[in-house]
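Student: Just so you know, the protein sequences line up as chains A and B, in that order. Per my numbering: the first sequence ends with 349, consecutive numbering throughout. Per my numbering: the second sequence ends with 997, consecutive numbering throughout.
FYI, nobody ran anything at the bench for these hints, they're computed from the structure. Source: prediction; values computed, not measured. You may find that some hints are simply not true.
Claimed, not checked - Chain B regions said to be covered by chain A (calculated; three or more residues, Cβ under 8 Å): (1) 692 to 705; (2) 777 to 789; (3) 822 to 832; (4) 945 to 957; (5) 961 to 973.
Stated by the list, open to error - Which residues of chain A face chain B? A few of them, derived with a C-beta cut under 7 Å, are: (6) Thr181; (7) Leu191; (8) Val199; (9) Leu287.
Yeah, the Cβ is synthetic: ideal placement off N, Cα and C, and Gly gets one too.
Here are the chains, one letter per residue:
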Amino acid sequence: MRFARKKPLGAAGGFLMLLMLLTALFAEVLQTHDPIATDATATLAGVSAEHWLGTDHLGRDIYSRIVHGARVSLVVGVASTLLGSVLGGIIGLLSGYIGGTTDLVTQRVLDILQGLPLLVLALVMSAALGPAVHNVIVAISIPIIPRAARVIRSSVLSIREMQYIEAARSLGVRHLRIAFRHILPNTIGPFIVLCTAQLGSAILVEATLSFLGLGVPEPYPSWGRMLSVSAAEYAQKAPHLVMFPGIAISLAVFGSNLLGDALRDTLDPRLRGS
Amino acid sequence: MKTYVIQRLVIALLTLLGMSVVIFTLLRLAPGDIVDILFSTAGYVSQDEKTAIMKELGIDRPYWVQYFDWLRQILTGDLGKSYRYDQPAWQIIRPLVPVTLELAALSTLFAVLIGVPSGVISAVRQDTTLDYLLRVFSLAGLSMPAFWLGMVIILGLVTWFAWIPPLSYVSPFQDAKLHAVQFLLPSLAVGYRSSALIMRITRSSLLEVMREDYIRTAWAKGQTGRVVIWRHALKNAMLPVVTVIGIEFAFLIGGLVVTETVFNLPGVARFLVQAILWRDYPIVQNLVMFIAIVVILSNLLVDMLYGVLDPRVRYGG
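All chains, full assembly: derive it from the sequences and hints.
Tutor: This is the structure we're talking about:
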């Protein structure tokens, strides 16, 4: 509650994310039509009582597709963010804890991964792996790894010098145990901040990949792909085809960005404003 | 300074070398090779022909031979041959480069023109309604997919002005005005997105500088707010901003990939997407490497600029 009063923007972001989560969870309850059922008699219909947000060129209900799209978007977004952050986090933890040459080499390798534009890397990855949901998740998670490793490593570097770590070491606790039991739990703050910040871009990359035809395959209704098939050909006749899925993507990303910013300010004051 | 430059150049070269390994390996992950893909589109072809084509393309050799061959090609400026066009890759790519460069330059310009002033205003009016509005405006830009923003711009033009932007590329020598309009719209879409990062860093960096002693001195001297902010504060606050503009370049290319596709502009980024969709791997491999080189060079340039902008940053050596 205090969070909501102090960070109205963050609370708004949290509300948007909660809305998305509920939509994804209860998609079957919220839908008015089968999201993949086509209807030749009602193609490109406008907004009406029957079809709340109109229909697409195959007569599929846009509202129901957007509701189910939330699930695809959230699953891919959360899964790829978690996968990338956990892998990157472990790399950052070990690299920061061990230090020395290992750290130096790891940093250079991460430089290499980070040198490529996120989208380009994801594009090449998903093209190489082929169109399937799990491949898209892997493709989006890879560019997140170096970013996650950086963040965790820098917080490990400061925690490593703390006295309680020295105490644990003098008690003869093994290195791996120190790293995972004593250091890891203290990086949870930056880790949460990192995840919320990356979630927005993961959702955005999924939408972009699907838009380009390299993302989540049929029959899953994906917001990005809804824009690709409808885009050029039917946009003039039925602008709602372009507007609604785009608004859905923007709100989802906007929500996670707002929440990420507010969480960063609250949990990790050192990064404030950056 | 000299030792520092050499040091940085060596690191940049090593990074590029590592990147070439990553790119090469990633593209070898693909299930099935180019011959399978060519054959599946051509229908049934005999095994002998298949081996012959593999030999011709050189993909029957071990990976490491192929890798070193590719490296040699890059170093000699030979970008190989496109499978799809049966033409040297460079011949196809060359006319696309100016289009992307023009878009990138214009987008960066818009990003700075939108980002810096809004960041300054936001910092000066910290925690006011205006500050909140500007921050929401910039975060909104970061949240909208670049391709969607482009589509909405086109849709808006068609609906309200009954005007459709040219669907194919117009050269500046053909019709300079139409060319300008054609480029301004996508650059605005990409620039708005990129401006968000610049705005944020300008805001936070200016806020930090405004707390310094010498700014208080400037106020105490009775100088007007405008002079203090634009002459004294912003000058020092720009350092991190320049870094972000450099880093932004990678971000920008990501935006161009889809924006060129939506606006149907024949640039490098759109071509990369097409090459990926057609599985024209030699082209993809070289284009991604090309992008990596541009990104690394721009980062290097930014680091060099640091020394020029801030005399306190003296490079060791």
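Student: For every hint, state whether the structure bears it out.
Tutor: Do the hints match the structure? See the list:
Using a Cβ-Cβ cut-off of 8 Å, 6 residues of the segment 692 to 705 of chain B lie near chain A, which meets the minimum of three, so the contact claim holds. With a threshold of 8 Å between beta carbons, the proposed coverage of the segment 777 to 789 of chain B by chain A is violated, since 0 of its residues qualify and at least three are required. Only when three residues or more bring their CB closer than 8 Å to a CB of chain A does the claim for the segment 822 to 832 of chain B stand; here the count is 9, and the claim holds. Counting residues of the segment 945 to 957 of chain B whose beta-carbon sits less than 8 Å from any beta-carbon of chain A gives 4, enough to reach three: the coverage restraint holds.
Look at the segment 961 to 973 of chain B against chain A: 4 of its residues bring a Cβ nearer than 8 Å to a Cβ of that chain, three or more, so the hint holds. Taken as an interface hint, Thr181/A does not check out: its beta carbon lies about 12 Å from the nearest beta carbon of chain B, beyond 7 Å. With a cut of 7 Å, the hint placing Leu191/A at the interface with chain B holds, because the nearest CB-to-CB distance is about 6 Å. For Val199/A, the suggested interface contact is upheld, since its CB lies about 6 Å from the closest CB of chain B, less than 7 Å.
Using the Cβ-Cβ criterion of 7 Å, the hint placing Leu287/A at the interface with chain B is satisfied: the shortest such distance is roughly 6 Å.
Hints 2, 6 from the earlier list are contradicted by this structure; the remaining hints agree with it.
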